[in-house]
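In the order they appear, the protein sequences are chains A and B. Mapping of the first sequence onto UniProt numbering: position 364 corresponds to residue 364, and the numbering continues sequentially without gaps. Mapping of the second sequence onto UniProt numbering: position 95 corresponds to residue 95, and the numbering continues sequentially without gaps.
Careful: at least some of the hints might be erroneous.
[Stated by the list, open to error] Okay, the calculated bits of chain B under chain A, using three or more residues with CB under 8 Å as the criterion:
1. 55–65
2. 85–98
[As the list claims (entries may be wrong)] Within a straight-line C-alpha distance of at most 25 Å, the following computed SDA-like cross-link-like pairs (lysine to any residue) qualify:
3. K74(B) x R325(A)
4. K188(A) x R170(A)
5. K74(B) x K188(A)
6. K74(B) x T272(A)
7. K74(B) x E63(A)
8. K74(B) x L177(A)
9. K74(B) x A322(A)
10. K74(B) x S321(A)
11. K74(B) x G267(A)
12. K74(B) x E271(A)
I should point out that these hints are in silico values taken from the structure, not numbers from a laboratory. We put the CB at the ideal spot given by N, CA and C, even for glycine.
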Amino acid sequence: MNAHAGPSAAPQPSGSQRSGGQRVLLGQPRVGVAAALRRGLGTIGVRNVDLASDREEVTALAEATRPDLALLDWSLVREAPGLIESLRAGCGVRDLPVVVIGRFASAAERGTALALGATDVIARPVLRAELIARLRVHLENRSLNRSLQEVIRSLQAFHTGAVQRMAIARDMQLGLLPDAAEIRELEKRYAIRLDSHFESSSELGGDIWGARAIDGTRFAVFLCDFTGHGVAAALNTFRLHALLAKIDLPGDDPAEMLGAINRLLVGLLPETQFAAMLYAVVDTAEHRLTYATAGAPKPVIGIPGHNLRVGESVGLPLGVSADARYRNRSLDFPPGAFLFLFSDALFEARDWEGRPFGYAGVLDLVHQCSGEGKLPALLERYFAVMPRPLADDLTAVWLTRAG
Amino acid sequence: MNYTVRNQGAVREIDLRGQLTFEANDDFRQIIEGMETGAFTDCVLNLESLDFIDSAGLGLLVLANNTASRSRVKLRLRRPRGQVREMIEISEFHTIIACDF
Numbered sequence: 001m002n003a004h005a006g007p008s009a010a011p012q013p014s015g016s017q018r019s020g021g022q023r024v025l026l027g028q029p030r031v032g033v034a035a036a037l038r039r040g041l042g043t044i045g046v047r048n049v050d051l052a053s054d055r056e057e058v059t060a061l062a063e064a065t066r067p068d069l070a071l072l073d074w075s076l077v078r079e080a081p082g083l084i085e086s087l088r089a090g091c092g093v094r095d096l097p098v099v100v101i102g103r104f105a106s107a108a109e110r111g112t113a114l115a116l117g118a119t120d121v122i123a124r125p126v127l128r129a130e131l132i133a134r135l136r137v138h139l140e141n142r143s144l145n146r147s148l149q150e151v152i153r154s155l156q157a158f159h160t161g162a163v164q165r166m167a168i169a170r171d172m173q174l175g176l177l178p179d180a181a182e183i184r185e186l187e188k189r190y191a192i193r194l195d196s197h198f199e200s201s202s203e204l205g206g207d208i209w210g211a212r213a214i215d216g217t218r219f220a221v222f223l224c225d226f227t228g229h230g231v232a233a234a235l236n237t238f239r240l241h242a243l244l245a246k247i248d249l250p251g252d253d254p255a256e257m258l259g260a261i262n263r264l265l266v267g268l269l270p271e272t273q274f275a276a277m278l279y280a281v282v283d284t285a286e287h288r289l290t291y292a293t294a295g296a297p298k299p300v301i302g303i304p305g306h307n308l309r310v311g312e313s314v315g316l317p318l319g320v321s322a323d324a325r326y327r328n329r330s331l332d333f334p335p336g337a338f339l340f341l342f343s344d345a346l347f348e349a350r351d352w353e354g355r356p357f358g359y360a361g362v363l364d365l366v367h368q369c370s371g372e373g374k375l376p377a378l379l380e381r382y383f384a385v386m387p388r389p390l391a392d393d394l395t396a397v398w399l400t401r402a403g
Numbered sequence: 001m002n003y004t005v006r007n008q009g010a011v012r013e014i015d016l017r018g019q020l021t022f023e024a025n026d027d028f029r030q031i032i033e034g035m036e037t038g039a040f041t042d043c044v045l046n047l048e049s050l051d052f053i054d055s056a057g058l059g060l061l062v063l064a065n066n067t068a069s070r071s072r073v074k075l076r077l078r079r080p081r082g083q084v085r086e087m088i089e090i091s092e093f094h095t096i097i098a099c100d101f
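For reference, chain A alone in the conformation it holds in the complex (with noise of 0.2 Å):
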């Protein structure tokens, strides 16, 4: 349901009906001239005149008519200076365009007149086409200012229905993301500690991550980044917390798993539309670590007394091809390991000179801040060079093992 007008519904000025609909307010104290000037604007379709003779009838008038233009004789503003400021006042329109029509002893005079407020001054005796033209362009003006701030303000509603909109969704997307206190849980009964960071380049973003228990020694943590960002990315990701929600994946065995969600997603996301994941599942009884990849990032592991370790990662993004095979990647993953997934966005983003950040560069970052819970570290080391907001989804998940 859409509660505001679009920016469509804003009044079109068109044609000659433009001036007709308006209303002109007419001060004038001269019967005969204020007969003539009601005349001319009947030429140019303007019908809705309402006349005042003297300078209370004037404010009186404004208030009560709220007109377009006011056409008045200078009689009427040079007895009282202050005349057009209180009739803007009235009709509460800041920018009403008020014309000084009369009988001018100097240019001098034309000059207080303008110096009084008028929008323009016509010197009489003029010519009833030139009076005419300059009255309808005033007019003119008057409409399509008019349109502008209706288009301005139907565009600012529905700017702000977007953003409440938009503030609901990103809401309803971090509630996808297992929340503190099922973090909390896998920490305490796997003995583990679970540190991550969600970063979307606008208000929705392709990634999601996940942990989730298997059984008493098992658990699987996951992370999977959808082509592109931003709404139809963030869909995707939707999409995929639904599909994880089936009972009967196979979840503890990460190839079986990505090569299930694979002929699922196949179909269902359009043709340039993909994602790259990792599924891995750390079994705490056995001390392994067992994970499958399909287009993600090579994940970082740290072994108590071993060099970092660079996962290998080969397999085809999920949802190319319903034929793709994965397959399972196996190694020790003792009390004190560490298991560093990201996102491309981590190392595909670029510094304030246009240079990737690259993946040698994370490795570097991980070097200096490895150990428990050093995420947050690594982080602020990272954005110390990067700029943002970064260009793509930025998600990170770094796991240890209690030593």
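Let chain A serve as the given structure and place chain B on it in line with the hints.
Then chain B, alone, in the frame of chain A:
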């Protein structure tokens, strides 16, 4: 990204240069349209001078490959280097699009 096209008989050879990312979308779609309308049976995308590809770029390769299949054109990738080669290997794109490394 920019590119040059050479037609040699039934083979169209396209040299890609620069970065194949979302920004290359419009240019690359012209290449893809050419596959539907051109009078050739083989198309080679020469990647030697391409220095960067991201997931959106891989998506364009998938689109090119699907369009080529529908148009009965044999598509090949040639000589990916550096980051581009790494992305193709990680994503196993050489298993769906023929690639001469």
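Here is what the structure says about each hint:
no.: 1; hint: 55–65; result: holds (count 7)
no.: 2; hint: 85–98; result: holds (count 7)
no.: 3; hint: K74(B) x R325(A); result: 24 Å, holds
no.: 4; hint: K188(A) x R170(A); result: 29 Å, violated
no.: 5; hint: K74(B) x K188(A); result: 55 Å, violated
no.: 6; hint: K74(B) x T272(A); result: 19 Å, holds
no.: 7; hint: K74(B) x E63(A); result: 77 Å, violated
no.: 8; hint: K74(B) x L177(A); result: 43 Å, violated
no.: 9; hint: K74(B) x A322(A); result: 21 Å, holds
no.: 10; hint: K74(B) x S321(A); result: 18 Å, holds
no.: 11; hint: K74(B) x G267(A); result: 23 Å, holds
no.: 12; hint: K74(B) x E271(A); result: 19 Å, holds
Figure legend: structure checked against the earlier numbered hints; hints not met, in rising order: 4, 5, 7 and 8.
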